[in-house]
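The listed protein sequences correspond, in order, to chains A and B.
Heads up: the first sequence begins at 1 in the numbering used here, then just goes up one per residue.
Heads up: the second sequence begins at 1 in the numbering used here, then just goes up one per residue.
The set of hints was computed from the structure by calculation and includes no laboratory data.
Heads up, a few of these hints could be off.
To be verified - With a cut-off of at most 30 Å between alpha-carbon atoms, the simulated BS3-like pairs for lysine-lysine come out as follows: (1) B:177 - A:139; (2) B:207 - A:139; (3) A:136 - B:29.
As the list claims (entries may be wrong) - Residues of chain B placed beyond 12 Å of chain A at every Cβ, according to the derived structure: (4) 35; (5) 39; (6) 51; (7) 59; (8) 77; (9) 82; (10) 91; (11) 124; (12) 142; (13) 162; (14) 192.
We put the CB at the ideal spot given by N, CA and C, even for glycine.
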Amino acid sequence: MKYLIVCCLLVFVSCKNNKKVDEVFNEEVVVEKINRDDIKLEIYDFNGLEKFLNQEDYNVHVVNFWATWCKPCVKELPHFETLNEKYKDKDIEVLLVSLDFPKQYDKKLKPFIVEHNLKSRILVLDDVDMNTWIPKVNKDWDGAIPVTLIYNSKKRQFYNQTFTYEELENELKQFLN
Amino acid sequence: MKYLKFITIIAVILFASAFTISNNVSGEKGYDIGDIATDFKLKNIDGKMLSLADYKDAKGFIVIFTCNTCPFAVGYEDRIIALDKKYAIKGYPVIAIMPNNTDVMPGDRMDAMKARAASKGFTFPYLMDEGQKIYPQYGATKTPHVYVLQKTNKGNIVKYIGAIDDNYKDAALVNTKYVENAVDALLGGKEIKDTKTRAIGCTIKIKK
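Okay, chain A solo, but in the shape it has when bound (with noise of 0.2 Å):
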């Protein structure tokens, strides 16, 4: 009987395996089309970052500052993913906005950016001179990341904070009304 049993399970296992091959080749094309090396990666100092943190239209823009290398915000960033494509049709921007370092670019964020399939807009911030740029952010952030600004031209909030997707969706909430 329990010979049978495995038989079994082989014989499940082995056509699964079969018709996975196929969705693997799939799969493979698909992210063929969108090969690393194809990734450009929108690369700013912060002069250049700032009018996305004050853009003046009628969208929500959340803006979260994350890095490859920052396991809390790792964590998070599916949630981000989730809003932005579930509020794809309403007037919703989100960005992401990476710290990672330049040298890690080519390495770590382009296959990151892959791997993880991420759909929200990407942009990167090169700048040195925190110490300056950082309290143009939000006067209360000291530098510890993740961070995020959600704002649109009547209100604007910075929480020095990790999200549950239930916690983000709620405070977006509060811009959508």
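With chain A's structure known, arrange chain B on it following the hints.
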């Protein structure tokens, strides 16, 4: 069955949010310039317990919250060693404290700290903030995070809080060496120009 699933999901959400809330309420503000910094008794990489009070001849301290696992902290290691070499003999030794929860960051465990200190040749103590009681009192939020203290009759007074310098990428391109300027000012009996600076760093890891 459906109800059970529903209840389980609700329970999980409640459970998770309860923890998130408790984390946000930790709310200790930490030290400002002029405050008296607490001493501590923390385990060093040599296995001995160490306190600031053990340094009878020190004029002050360069306390740096740092760790093995943060790229910013690692990027500053050579400069931290240089600070200790330059200022320990002048009375301001570097005291490095590793503030992370090691369950969250296994790369910061004591054996890893020892290995890192040995391979880099740390000339200063590298202490474990076991139980994570000290960093919240200082108000450290990230690694690296520096506190320059001046020893007085009243205690160790916080004189500088913030970054080591203004270029994390390249030590050769630094314009302002904040910590060196602060300690030089203290040694020369002058006013510190920048008493608080900011820099990007890795959040200190706590258990969720």
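Evaluation of the provided hints:
no.	hint	result
1	B:177 - A:139	holds, 22 Å
2	B:207 - A:139	holds, 28 Å
3	A:136 - B:29	holds, 21 Å
4	35	holds, 16 Å
5	39	holds, 24 Å
6	51	holds, 27 Å
7	59	holds, 26 Å
8	77	holds, 15 Å
9	82	holds, 18 Å
10	91	holds, 26 Å
11	124	holds, 23 Å
12	142	violated, 4 Å
13	162	violated, 7 Å
14	192	holds, 14 Å
Hint compliance for this structure: hints 12 and 13 are not met, and every other hint is.
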